[in-house]
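Novice: Now for the letters of each chain:
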Amino acid sequence: MSVVRSWLVRLGGLFDKERRDRELSEELESHVQMHIEDNIRSGVAPEEARRQALLKLGGIDQTKERYRDRRGIPWLEARLQDIRFGLRMLRKNPGFTAVVVSTLALGIGANAIIFSLVNGFLLRPLPVLHPEQIAALAIQQKDVPLGVSGFSYSEFIDFRNQADAFSEIFGNVLSTVALSTNDRTDQLPICYVSANFFSALGLRPTVGRLIQPSDGEGFGQSRLVVLGYAFWQKRFGGDADIVGERVRINGREATIVGVASKEFRGMFSPFEIDAYLPMGAVLAEEGLSQFTLSRGQGRVLVFGRLKPGMSLPEAQNSLDVIALRLARQYPATDAGIRVRAIPEKLARPQPYANDVFIVIGALFLVFAGLVLLLACINVANVVLARALVRQREMAVRAALGAERSRLISQMLTETLLLAVFGGASGLVLAEVANRLAPSVHFPGFPLRLDFAFDWRVYTYALTTVVFAGIVSGLPPALRASRADVNSVLRDDGLSRGVGEKHRLHSDLVVAQIACSLTLLVTAGLFVRSLQHIEGTYLGFDPERVLNVVVDPSQDGYDRARTTEFYRELYEHIRALPGVQSASSAASVPMGSFPSRTSVFGDFQPADPNQQPPSILYNMIDPGYLETMRVSLLRGRDFTDADGETAPLVAIVNETMARKLWPGEDPIGKSFRMRSAAGRVVEVVGIAQDGKYQTVAEDFQPYFYVPLAQSYASRRVLEVRSGVPPEMLAAQIQREIHGIAPNVTIVDLRTMKQSLEGGTGYFAFRLGAFLAVQMGLVGLMIAVVGVYGVVSFTVSRRTHEIGVRMALGANSTEILVLVLRQGAGLIVAGVSVGLVVSWVLSRTISHVLAGVSATDPLIYAVATATLSLVALIACWIPARRATRVDPMVALRYE
Amino acid sequence: MTDKNDVWQGTLALMVLKTLETIGPLHGYGIARRIEQTSGDLLSVNYGTLYPALLKLEQEGFIASEWGVSDNNRKAKFYKLTRTGKKQVEKEAREWEQAAAIVARFLTPGEAER
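Respectively, the protein sequence lines represent chains A and B.
For the first sequence, my numbering begins at 1 and goes up steadily by one.
For the second sequence, my numbering begins at 894 and goes up steadily by one.
Chain B with its partners taken away, still in its complex shape (with noise of 0.2 Å):
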């Protein structure tokens, strides 16, 4: 667990988004085990984090959310993306990349020299 990262505040609601994106609707427990996985478990989600960036997310109207049954016949609340939260995504990963790449250019020697 120690030699996990924890996750960074700006990006779970990224990594939120894109996983809702990919899987469709979803409950918080399956959001939060998915990004673990897809992270190649290097990444830690403390699950209680999740549920208030949710929230943020809802009151901002990218998600939306309904009460469901889950794989197992359990009863819980499953999260969608909102046409917005659609637009969203694109913006933040466009965003994101542009970020990536400009400190990806610090960061290769010789780039930047130039």
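Okay, chain A solo, but in the shape it has when bound (with noise of 0.2 Å):
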């Protein structure tokens, strides 16, 4: 108690020190005359009396000395005059501290932005109870990779009724629906939740209930929908009514039960999901066999919740057990079938073999970090240079009696002093560009850009302030504090001393230079992998394509009905003027939700363990190929001969002629389709590879059937006109109410708006946007150093180049005597940064597509700029010196 009351007290001591000082002389002044005059009473000669008394005392100056050290905290007090002094030296500086502050507000700035996106993609924890105990649950299946798929229901089922470490196993489809009411109709990201999902989680709903255990996950049970609270904000305005209210989901009838929590987004961490639907109501929109019944490759994304106490690895344990008795039991979908269990964080949004997301996250960071520390090296120069200026002040105070590590704690303050104000303009810098991210927004993709900077990102920023003040702090700290006062008082400008602390100044700019050309060529490396997907090779044409995607069935068209709806829509969509080509097929590429089906047939291996090759395919009808621009290489197109009663036919890409029939024409060859009984599929055609799923795929398998063969009520339109096709949109619409009022659209964009989506271009551009900006960022930082050093230089060599000159030195060679030392750094920089870059690059091969990590054109460009620029930088301050008055120059010394 009294040692804590004592610090207060102390604490309290910092302040009015005037008063208490002035008690403190009263109080000894008092005490010595009390002494002097018993000294006096007892027969002591008034001089001597007094003599005694201090003597006694110890001196009334190192008395008050102890006694200060003993009222106050004196290491904090010390501090606190630090950054008295440093504040009055940045006040005195205003031009320097304006430079410093911003450098370091931009390397600060970059790095929290780059964290919050991080944070917000993978750090940031599931608002749900305990959310350190949710593992992620990725299946791999034979010839299938990690994460590429989902699990089967029937998997899933299993692995929950089995799996013991984990307390709850649960699972959840995305999907997108149509949510009517009376007066209008939303298309929705949703996701399909297994019965336990809420409870497992520990979610609390915002108004109503959510789907519960005992809601069951029987199918044809009656629909209940439970909405997500951002969608319940912007759609029924929070209206807390509107639990009970009948709505139609896909046309059918179904019940809001409920809203979600707040905070709570579903689980697939960029979307936001908008609603949750019973796994149940997944059987409208596939059909039981295909859902309920089909084991491998599935879309059920699982997680599982750990019992209290159990580790990852024992986890995995139980998993491995069960896969290996499910590969034993269903030999023919799950031989080879591995569950991995992965925390919840390093499993976003889904996880995938190759951590893609961990690696861009964990690079970027990187980058943000270089840039910071290209910043720190400039202010450690700057810092350094105004150091060798105040070098007589530091040599003298050391002279007399200044403790060494008492100047570096007062040059660190200062540098720490200017990271807090750089730190924090960094972070309105950063909350300004976090404030316009949303509005740089893609069409239809509902990306959740969620960036708002919490305790973590505010941990970080004030992490990289500490860093960015010792960095660029302690170097010229400990180099001008080590300052030589003999050889400083001489005053000898060309003294060993001051070539020494040149070579630290070289040393910074050499690393700046390096950190710069790595910068850059990691966004060349970028901007080069963007130009390739741009350019890739689609297998089909996206300029001026207009795709529709209805679903009569949703309104409750039966199949006779629906496929004249559609003949009617073609009719009267190819009639419209400005349309080239109109057709229909069941998804389009980078759409949603390709086909997906397991194929039998001659090329099968005798062992009948082994997995038959799951391909993607689609339906169309026979003016597809035509409308995208698909070549046929060989064999026929689809014609209208190919009906219900029709042979089935199939068209099959480059890739899956070459995989099932290695050598041999495919065409006349047959499969079939789902299951080793499946109907006889006769090859007729050959198409061309192209990208069905994601613009950076590899080519894969792929075939085409005729949709009058293999029915689907949601459809594709895919138009083809003259004109921009944007301007087709509104009649088009009004074309499909016209013949069928009631029906959903689902969706409505241009080829090129699908490209721009998550599955097309988006993450390069992000990725490309990003790295451009921290080269550039990088670039000018590290030209303002070069710049900065070399006019140092060149001012510490005014006296040199006057006498150089006077000796008959002429403008020319001047130039080239600070140019050379300019040049030697560059040279040395960007040796240095090939190795890194070279290095580095290596990393981060894998999510750069098509595009070499060492790719030498991008390291030539990047070093030209950088030299060019940089020489730019030297040239400026070279010319200076050539216009050194010598008169001038050697008068002043």
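Just so you know, the hints here were simulated from the structure itself, not pulled from any lab data.
Backbone N, C-alpha and C fix where the C-beta goes; we use that ideal spot for every residue, glycine too.
Warning: the hint list may mix true and false statements.
As the list claims (entries may be wrong) - Calculated from the model, a selection of chain B residues having no Cβ within reach of chain A, i.e. all distances over 10 Å:
| no. | residue |
| --- | --- |
| 1 | R927 |
| 2 | G933 |
| 3 | L936 |
| 4 | F999 |
Said to hold, decoys possible - Straight-line C-alpha distance at most 25 Å; calculated BS3-like pairs for lysine-lysine:
| no. | chain 1 | residue 1 | chain 2 | residue 2 |
| --- | --- | --- | --- | --- |
| 5 | A | K64 | A | K17 |
| 6 | B | K979 | A | K56 |
| 7 | A | K56 | B | K968 |
| 8 | B | K980 | B | K911 |
| 9 | A | K64 | B | K970 |
| 10 | A | K64 | B | K968 |
| 11 | B | K970 | B | K980 |
| 12 | A | K669 | A | K659 |
| 13 | A | K17 | B | K970 |
| 14 | B | K973 | B | K984 |
| 15 | A | K17 | B | K968 |
| 16 | B | K970 | B | K911 |
| 17 | A | K262 | A | K345 |
| 18 | B | K911 | B | K973 |
| 19 | B | K968 | B | K911 |
| 20 | B | K979 | B | K911 |
| 21 | B | K973 | A | K17 |
| 22 | A | K56 | B | K973 |
| 23 | A | K56 | B | K984 |
| 24 | B | K973 | A | K64 |
| 25 | A | K307 | A | K345 |
| 26 | B | K984 | B | K911 |
| 27 | A | K234 | A | K262 |
Please assemble the complex out of the two chains, which come individually in their own frames, going by the hints.
Specialist: If you want it as structure tokens, here you go:
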């Protein structure tokens, strides 16, 4: 108690020092007087009495000093003194302060932005009960890499029933549905959730109730809807009475039972989920056999909550056992499956095998760190330059007994102050940038950009501030405080000491050029990667195509009516002015959810345990290949004769032809879909390869079957026009509603827009954008650094230059002299930078598309750009050096 | 002077507190003289060390100070024991006696053998 009290009092002792000092003086004065009086009384002469009294006191000033140390907290007082002194120095040099603060603001701001992105995507825990217990389960099937496919419903149920390491295993299926009230229809990203989804997460409803285990997962039960909080606010104005309201989901009646909690936005991190439906409702979209009975690849994304005290490796063991058991039980579909439990945070948005998001996140944090390092080096250089100017002061203070640690602490305080101001401005900068970010939006892509700053971002920013303060302050502080008083006071400007200091300057600039080159090379790699992707061969022509997704079954149309609806619609659309051709298909490239099926046939190896290949396919009508401009390489296109009753036919792509029938002519070959007992499909043509799911994918097997032979109610109409396709949108909508007023238009966008989405160029654009920004900021900071150092040396060498000129050197020689120094720095920096980039780019090679991490062109362009700009930065002070007037320079010394 | 012992820091606090308990409010010079007298002039207090010690006791809340007038009409700062200070005297005295008793056992021959 008394210890705490005394520290508090001592903290108070930092204030009102003058009054306390006065009181102490008075107290000691009266003490001395009393002592003198006593001495005189005992017969000592007054002078001697005073001497004895002071002797016994141990000297008034020494006593005062000891007293003061006890009164306050000397260490803290010294720091406060440093801070006051630092603030005074910064105020006295507003130009210097502004330059340094804005440099650091850029560096720290860049870090805050990148970190808030990483934080938003990967670090922020789910707003659920004990988020650390949640693990994502990733399934790996034979021939299908980890995370490419989800669980099938049957496998999900098997794992849920058998995995005893988890207290709950729950899953969800991402999809989109049309939600209609009487007056309007919205297309929503939703997920179908298992009955225990919300209870396993420990979530509470905002109003009403959530889907709960007692609802069961029975198919055909009454349909329930839980709304997402944001959608409830946006669409229903946060009206609590909405509970119990009836709506239509894809045309069928359903009841809103509640609203999810405000913070919860679903389990798929880049998306905001607008509504949650029971898993049983998937049936309406998929057909019984497809969803419930099939094994192998599926769409259920599965999570588990670890039992308390259960570790991930233990859980993994139990999963391995179940996988083995299932593989034995269902050799045809489950042979070779593996399920990996991954901490939920490391599996966002989906457990991909190559952890691509984590790699990219870490990568950009490293880049942001490099930018900050560049900024720090600049600051260190400026501070060092100033420290050299103040070297006399330092040396004198050291000679007078100032401790070296005190001098260092004082200089560090100054840079830490600068870093604090820089950090504050940087955070403001980052806030502004983040505010602007959501306005750079992507049409139709329900991307959730929630990069709000939380304590993690602030902690990170604080760490960067301390880092910046120390990194930019320590080297100059160590160097300047080592000043040797003899050489400094003798003031020989050409002494050994100064040469050493120039070397530190130079080393810093070399490091800066190296960092900057690394950033530029990376920016180059990302830009080339984007260019490659944009120029990549898609296998179809995306120009002037409008895609319209409709699904008349949502309004209760049966097969006959649906077929009639589409037939009528084509006639109308083909007759529209501007339309060149129109067709329909079950899906389009980069659209959602292409179909996939197992393919059986005589190409099958004898081993019955081997799984049949699982291949993507599309259902198209005869005009599709022509409308999308997919070339038919051999054989024939579908015709109207390939109807329901005709023999089944297919067109395969080049990769499928090569993989299934290597070295043979696939035309005339046949295979079976879905099961070994399926109907025989004959290959009648070979189409060009293309991209089907994402623009970055490798060519994969794919085939087409006629829509007429494989019914789908939900279709995409592709309209190729001679005019910009957006112009046709309104007309087409009118035509659709003219034929069937109630039919929901699920989606309407141009092929170009689809290509900008998440399956298209989005990630590449974002990566290239960020990398280029950081490359430019890095270049700017590095150039300022080079300029600063070269001008500083020029000003230090004014005398020498003057002597040279007086001895007959002409201005070209002076120019060369200075430029040679700059060029030396640039060459050294570039060499180091090339090595660093070469090493670093290896680690990112797998996130780049179609560009080698060691592409010599990129290295050459980056080197040339940096060298050129840096040379210009040297040239300016070099020019100034040539204008030195020898007379002035010599007289000055 | 040289044959006198300097006061150890730890014991100075107890002496100050005990002095204030016995005599009541007193100024710094008085406390110092009183300690020397009580020790039978065996101890020599460096008066300068007394003031930081007084400050420490005041910060810990064992003593309080206020300005007053001394016997010979001189303005001086008077220190007095607080309530917690009184408890502290008892506590420290007890501890000191205990420590002294233990050391004494070691110093008394024969007793330590047992």
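Novice: For each hint, tell me whether it holds in the structure or not.
Specialist: Status of each hint after checking the structure:
| no. | hint | in the structure |
| --- | --- | --- |
| 1 | R927 | holds (13 Å) |
| 2 | G933 | holds (18 Å) |
| 3 | L936 | holds (13 Å) |
| 4 | F999 | holds (31 Å) |
| 5 | A:K64 / A:K17 | holds (12 Å) |
| 6 | B:K979 / A:K56 | violated (29 Å) |
| 7 | A:K56 / B:K968 | holds (21 Å) |
| 8 | B:K980 / B:K911 | holds (11 Å) |
| 9 | A:K64 / B:K970 | holds (16 Å) |
| 10 | A:K64 / B:K968 | holds (19 Å) |
| 11 | B:K970 / B:K980 | holds (23 Å) |
| 12 | A:K669 / A:K659 | holds (13 Å) |
| 13 | A:K17 / B:K970 | holds (18 Å) |
| 14 | B:K973 / B:K984 | holds (18 Å) |
| 15 | A:K17 / B:K968 | holds (21 Å) |
| 16 | B:K970 / B:K911 | holds (18 Å) |
| 17 | A:K262 / A:K345 | holds (20 Å) |
| 18 | B:K911 / B:K973 | holds (11 Å) |
| 19 | B:K968 / B:K911 | holds (24 Å) |
| 20 | B:K979 / B:K911 | holds (9 Å) |
| 21 | B:K973 / A:K17 | holds (24 Å) |
| 22 | A:K56 / B:K973 | holds (24 Å) |
| 23 | A:K56 / B:K984 | violated (31 Å) |
| 24 | B:K973 / A:K64 | holds (22 Å) |
| 25 | A:K307 / A:K345 | holds (18 Å) |
| 26 | B:K984 / B:K911 | holds (11 Å) |
| 27 | A:K234 / A:K262 | holds (13 Å) |
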